[in-house]
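Asker: Given the coordinates of chain R, assemble chain D onto it according to the supplied hints.
2 protein chains.
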Amino acid sequence: MAENKIYRASTTAPVNIAVIKYWGKRDPHLNLPTNSSLSVTLSQSDLRTHTTASCSPTYPPAEGDTLLLNSHPQSLSTPRSLACLTSLRSLRRSLESANPSLPPLSSYPLHIISTNNFPTAAGLASSAAGFAALVRAIADLYTLPQSPEELSLIARQGSGSACRSLLGGYVAWDAGHKGDGSDSRARLVAPRSHWPEMRAMILVASAMKKDVSSTSGMQATVATSSLFRTRAEVVVPREMAAMEKAIEGRDFEGFGKIAMRESNSFHACCLDTEPPIRYLNDVSWAAMQLVQGVNEKVGRVVAAYTFDAGPNCVVYFLEGDRREVVGCLAGCLKEGLVERVEGGVELEDGLEGAKEVLRRGVSNVIMTGVGEGPVSVEDHLIDEKGEEVQKNGV
Amino acid sequence: MAENKIYRASTTAPVNIAVIKYWGKRDPHLNLPTNSSLSVTLSQSDLRTHTTASCSPTYPPAEGDTLLLNSHPQSLSTPRSLACLTSLRSLRRSLESANPSLPPLSSYPLHIISTNNFPTAAGLASSAAGFAALVRAIADLYTLPQSPEELSLIARQGSGSACRSLLGGYVAWDAGHKGDGSDSRARLVAPRSHWPEMRAMILVASAMKKDVSSTSGMQATVATSSLFRTRAEVVVPREMAAMEKAIEGRDFEGFGKIAMRESNSFHACCLDTEPPIRYLNDVSWAAMQLVQGVNEKVGRVVAAYTFDAGPNCVVYFLEGDRREVVGCLAGCLKEGLVERVEGGVELEDGLEGAKEVLRRGVSNVIMTGVGEGPVSVEDHLIDEKGEEVQKNGV
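Chains as they are written, first to last, in UniProt numbering: chain R, 1 to 394; chain D, 1 to 394.
Please keep in mind that the hints were generated in silico from the structure rather than gathered at the bench.
Any given hint might turn out to be false.
The list makes no distinction among identical chains, and a pair is therefore deemed to hold if it is satisfied within one copy or across any two copies.
[What the hints assert, rightly or not] Straight-line alpha carbon distances no greater than 30 Å define the calculated DSBU-like cross-link-like pairs of lysine-lysine that follow:
#1 K355 / K297
#2 K25 / K245
#3 K334 / K355
#4 K385 / K5
#5 K25 / K257
#6 K25 / K178
#7 K257 / K355
Nothing here was measured: the structure is a model prediction, and the numbers come from that model.
Same shape as in the complex, but just chain R (with noise of 0.2 Å):
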């Protein structure tokens, strides 16, 4: 046994981005959500946490587990942290228990290095990608052999949206209803491979980090708003099990209105929260009348808007209607933003208001789709000596 080895494990994970959102706790402690929630999971060829857990008995314990996130350090001993490495380590330690033979990973400090290729907190599901492969990185280490169904039950404490993001393709992350949370957990809909056509352009409306964390508004709309328990109860159940129908069935025309009501319902319950929270802008706005003239002139849902808890507008859409979708919004959008598609439908006259508003407000545009889960990759962030790999140009 190599005394002084660097063990390594490097994982790539995926954004999602909700068509039902999770908004609400019914437990603050291990994250469990007042309703379930579903999402896509957006290709890591585009956005994508890179992450390498590393440990060593090398690295002197009193410096304890460390991250480094986009170069920044970062505690690891919140809560939320704590909870995700003590269940990895609990795990990690049956299996030594189990086969002593095995090296013991469970006893050395933890170093983790992850980079963002996005802004971190902007409303891009930041945090959801940083724990999936937080968690998933840590369990390849430690050579774990947990389904991510299972890693999503530890994933879920660290940031709830993050259970999602250990599946590809279209995710539920159902509510349960357990005490102690063992049923809140993720499960997949349909693999990407059901409906591969699915795209999302991502209109960047502020790349700001945000007034209202997720973390206090969701708990704020729990305590004071009184819509709020109608959506958890009543709405969201019967949203879930219709959304789960339209993927199931391809149907885009269900799947985008039942993602533009539920982006509504959920910012609805934020204005409904006292004081107010207001995550949608004249930009948001701008977006949403635009998708919606896109659609009135096609005759059909050809796009679909959702906010998460931010202004940037992510649309939902198909492959086979890029020309209408792009083609048109493209051509709402400053120069050289996105690539042009010919074609798009001409929007009505009483839409130029809100055209030059996307105009002078988006600042930047993803375009990306549906993609798979976290992906294990030999491109480690930490050296064989344990140092951070320092990359030019990054």
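Answerer: Quick look at chain D alone, frame taken from chain R:
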């Protein structure tokens, strides 16, 4: 009996701004609401409709009833106007039947002239004041003995919220339960004299005609919002009771909190409509933030925002808190819009952005307060020959 006589009666009628909102009809034909509402009648020194109703055997029958609103001819043959005129004529006819010496005014064409001293259909409750003035003026012309509450049944059929403008002070509109609407009428919660210190500062963010009319908007909400039923059946009844108690006890803290969350609840249901309805723009949100900022800084609720179906912010406050409220908000507005008051609180630095949005977005400010109901006036807009009175400089 003077056969050429022009019979005239003139009234002014007030605007009212609801603190428990009317949104949704259970019977669109009779204008019966899904929920009760409650408003403050505003002073006619600042906002009013001035209406002269006249009738005469000399008016050409072929022309029928006519209405000039702000010098523009308006139809009186809409179902809503017809409902009012038919009811009022029928009440007059009963008087004439009982007393044949009365001139048969009910058989003469009506000529009505009406002027608002504020922009029409800009979310400033112009239709409320308009129909209240129309009904009150014709009732006076016909010397009807009905009480304002009884007349409110008629005004309601013209424009729902008009029923509340027939009374001064603090006025409820009870939704009622009967199918014929005979219990859906205005009720005095408290006269102006009970709590005369109530002030309203109206921040006019736009005097443009609104995109989505209240009438079509509210029925879209009833038809498509999943959260609306909870609002109408659970939230509003609770808030109505609490608001009446707050007014009874002259409890501004209670009044303000309920008013703000009621406004939020209403606009949340607009956002939950399919497609979503938006009345709150960036300027509205800036006003909300600044009102919250004042309250936080002062340490109690001294100002309360509310928004009707438009972006204009109505800020209620008590005369005793003028220094804090106006002193502070005036500093966030363009020079000259409102008289400066010394000694407003200093807002937190974080609100600089909101101040700038308000400074750029508010074009006009109306300072007013709680006021009386319609008032009979001798200032007629129609002269003794039945012609429009030409006023210079108006």
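Asker: With reference to the structure, classify each hint as holding or not holding.
Answerer: Here's how the hints hold up against the structure:
no.	hint	in the structure
1	K355 / K297	within (15 Å within a copy, 38 Å between copies)
2	K25 / K245	within (26 Å within a copy, 33 Å between copies)
3	K334 / K355	both (10 Å within a copy, 28 Å between copies)
4	K385 / K5	within (8 Å within a copy, 107 Å between copies)
5	K25 / K257	both (26 Å within a copy, 25 Å between copies)
6	K25 / K178	within (14 Å within a copy, 42 Å between copies)
7	K257 / K355	within (22 Å within a copy, 37 Å between copies)
Violation of the numbered hints given earlier is absent; every hint is satisfied by the structure.
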